[in-house]
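2 protein chains.
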Amino acid sequence: MSTLAVRNLAPRIRAVSQLPVTRNVPTSTRLLGSLSGKAQLPIGSSPSNSAGISKPTTLDSRVFPVHYSSSSYSATSHPSADLQATDISITFPSSPAQSITLPYIWLRDSCPCPSCVHPSTRQKLHRTSDVPLDIKPKRLTWVHSLDKDAKWALEVEWDRPLWKHDTGSTGVEGHTAAAGHVGGEGHRSQYSERWLKTWSDESKVKERNQDSALSMIPWLAKDLAEEGGKSKLFFSYNEVQRDEKALLGALKQLTNYGLTVLRDVPTTITGEWELEKVANLLSHVRETFYGPLWDVRSLAAARNVAYTDLDLDLHMDLLYFENPPRYQLLHCLRNRNVTGGQSIFVDALQAAQTLWKEDREAFNLLATTDVGFHYINDGHHLAQRHKTIVVDPSSDPSSSSPPKITAINYSPPFQAPLPSSTPPAFYQALQKFAATLRRPEGRWEYLLKEGDVVVFDNRRVLHARRAFSGGSNGASAAGKKDAECNRWLKGCYVEADAVADRIRVLGTKLRVE
Amino acid sequence: MSTLAVRNLAPRIRAVSQLPVTRNVPTSTRLLGSLSGKAQLPIGSSPSNSAGISKPTTLDSRVFPVHYSSSSYSATSHPSADLQATDISITFPSSPAQSITLPYIWLRDSCPCPSCVHPSTRQKLHRTSDVPLDIKPKRLTWVHSLDKDAKWALEVEWDRPLWKHDTGSTGVEGHTAAAGHVGGEGHRSQYSERWLKTWSDESKVKERNQDSALSMIPWLAKDLAEEGGKSKLFFSYNEVQRDEKALLGALKQLTNYGLTVLRDVPTTITGEWELEKVANLLSHVRETFYGPLWDVRSLAAARNVAYTDLDLDLHMDLLYFENPPRYQLLHCLRNRNVTGGQSIFVDALQAAQTLWKEDREAFNLLATTDVGFHYINDGHHLAQRHKTIVVDPSSDPSSSSPPKITAINYSPPFQAPLPSSTPPAFYQALQKFAATLRRPEGRWEYLLKEGDVVVFDNRRVLHARRAFSGGSNGASAAGKKDAECNRWLKGCYVEADAVADRIRVLGTKLRVE
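So the protein lines, in turn, are chains A and B. So in numbering that gives the first Met the number 0 the end of the first sequence lands on 512, straight run, no missing numbers. So in numbering that gives the first Met the number 0 the end of the second sequence lands on 512, straight run, no missing numbers.
Just chain A, with the same shape it has in the complex (with noise of 0.2 Å):
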């Protein structure tokens, strides 16, 4: 949060202010930079001229006065500002020196001081429709930064107030009464370095998100071993409980991957689950029509195949939803006297990136085309179409690298019937695609063992289950005690903002440690 502090600058504010705002600049203010209003006309002082004195030039008439200025009490080195007809140019003294450029509008709606975003709740004061488009700097100062990790502030003094919007036509006004000054004449808004460099920069802005801790690293099984060949996947849940580096191992495991196995998680099936409580390690419980925890056995008159004995096809779970749950955690409390079973994980991502790469139009054809999903059963009546590749909308379709692809929906045993105007096309890229996912190299398969939760996300990774014997099956099973059974999962989903947010804290937390 450090990263958005601007602590509060009154004081100094106020002795800056005592700057009459003139093109007569008083010979008691050491000015560092010059005057212009012009578009692309460089002004202030250039990085090599670091406590350069210039004179005010002569302003253009069409533009307003500027009043660019450092603080009084420095005369270090400091970056340059110059402005443009709708922009700021600032240079920093850095090699090679490094230049941004930042419309006023921009800086204006983003201002990060206590009076625009709230100190206590970090929430924002003003909507950015509030700015006024043609909003313009009345005065620009260099001043030192509060903030640790920066030297210098430029302070901004904007030469108009925000939009107001009265209560008889917005029937809300308050942020305004709640901000005090907002909206005033002469706001002042400090932008420290650091923020500067921090919000002009996509891959800052990524990075401050930690946005690689998240993103989704396509696989094929042999990148699920380390060097030496020790699989990544495995952690155990003891050092995960007590060590937050083990947990934000496991977690991104999770997020890169979007697969993980905790060990030794207790298998007791009296009192609490323990399988909640790793739920609420990770994230929350989504509960759905299954109940918020569910279990995997088999039984007589089963209402879904995965409670019988039955092989189950690589699929994902409730692509009847509007959005199916991300994460899917099974833990495997009974698992003995048992043959076969085996869990079976393919990574639907890496598939539709090599189908990007071998046949364009099927990839295209799976991410346009609606495929139905449905349960109808049992009282419930869900149904939801998606697209079996779901494709950022902001992908530049040219680029020579794959689109970023946000999802997967692949789950033929809940399929519905097609549309029936589905193009013939669409049929072969859907053949292409599972042929993909049948390649033996994507396969990942385990044996679940007794106290192991799997945790995998939905909404591209596909599960499947070998069919297996010698569980407590069919109509036998009905008379048997839960201690008695022999294969027993007891499963439930998660959401992934909860996952993302504890990488953050835990990543900024460790990163400072």
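Treat the hints with caution; some may be incorrect.
As the list makes no split between identical chains, a pair holds if one copy fits it or if it spans any two.
[To be verified] With a Cα cut of at most 27 Å, we get these calculated BS3-like pairs of lysine-lysine:
1) Lys386 x Lys403
2) Lys386 x Lys163
3) Lys386 x Lys196
4) Lys251 x Lys508
5) Lys135 x Lys431
6) Lys386 x Lys203
7) Lys203 x Lys251
Source of the hints: derived by calculation from the structure; they are not laboratory data. No experiment lies behind these values; they were computed from the predicted model shown.
Place chain B on chain A using the hints.
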């Protein structure tokens, strides 16, 4: 579920299968159709030739033999079927005659027989990608349907089996083992008239899924009144609990308008929270970092403007989530000796459609420009980007009616600084949208009464609250007991899928009763 149910026709299938699969039709079989494999060549009896017996025509030598017959015990009018290169064209003897054309591959893939769709789990037992692209009918027969809503069923015997993928390459083989003869030579599919008419027609599929009960109706405040001036929004909680028709009414009000109020919900503040029961009546609680249920009361050092007595501008909750929760519930537990605090709701979907009509360029900018939202406070770091208007990518941009809008993302208090590269025109577009949202005719303002639960669609309806005075606010609230609180809302979030599920199930049930 009855629409999909095709009962086991094994005895009849066996009877029909005694017909030799050759071009020479035995005289003992009463033919109601003729043979052809030629594209576009109409075959079979026309509707006006209901019992028309015709001799087999000579088959084009390139195509497979087709045996097209009725079952032997009926001669009443049945639909006709024409075989084309890759499709069957079926004409129903209605007035005017209704024709549909269905691809072979689609028909085979969609076979609803108990070997293709498991009778108990209702899950599909093969993959669309298992159907050979060039599969064709070998024999067509009109038989009496066992579906009570249909007279005839088309039986198709297929010329080749489904593909099988052995365990070595897929790791999954089971569904074939489970399903018996799926994939075998000469699989027979039966499609009742009703099944054919439903699944060949998008509008009927939508009707089956009760899309109109779920569709979003854009509104202005005046549209919330029934004829005669009574508001559509209010439902008695008592009635909704005991009368399924009232419950269905409230649920449809919610899905159609995104806003409803349940009245006289018990406000007991000891023991269990009634709000949890309300949430479970509609759906399931979606827990977030605010907890399963949370309180809106004014607090000292609030971490959220909601927890103050300040005005709270129009916004949506949790847009820093990947999938913000769909519905929000707010239960007014206490509201006494308080001035102000009215709730305001605006349909942002209506505003977006208005913008589409008035300024297409602004609409398109809002549909394509990323806006970041974040919550970086209080031990959390959540961040996400969304488009302000989310347009269904299947929408036709050249259509003369507004595209399908799946969600609006508008929440100024939680905005992060925009990307600095945001085009200047976006600011103008956002101002137009904000101005549209401010129009008084769109605003429904209401002072929550104790016992009210307002439920609204957080993905389309904005909410706001006027400032109030007299609630236990600031530091003075800290020492107060719950019962002494003057203004207290309890809230929670629920997802959309269970709401749609309940609407469909109740809709089917109440239509049948």
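Evaluation of the provided hints:
no.: 1; hint: Lys386 x Lys403; result: both (14 Å within a copy, 16 Å between copies)
no.: 2; hint: Lys386 x Lys163; result: between (43 Å within a copy, 25 Å between copies)
no.: 3; hint: Lys386 x Lys196; result: between (39 Å within a copy, 24 Å between copies)
no.: 4; hint: Lys251 x Lys508; result: within (15 Å within a copy, 46 Å between copies)
no.: 5; hint: Lys135 x Lys431; result: between (56 Å within a copy, 21 Å between copies)
no.: 6; hint: Lys386 x Lys203; result: between (32 Å within a copy, 21 Å between copies)
no.: 7; hint: Lys203 x Lys251; result: within (20 Å within a copy, 45 Å between copies)
Against the hints set out earlier in the document, no violation occurs for any number.
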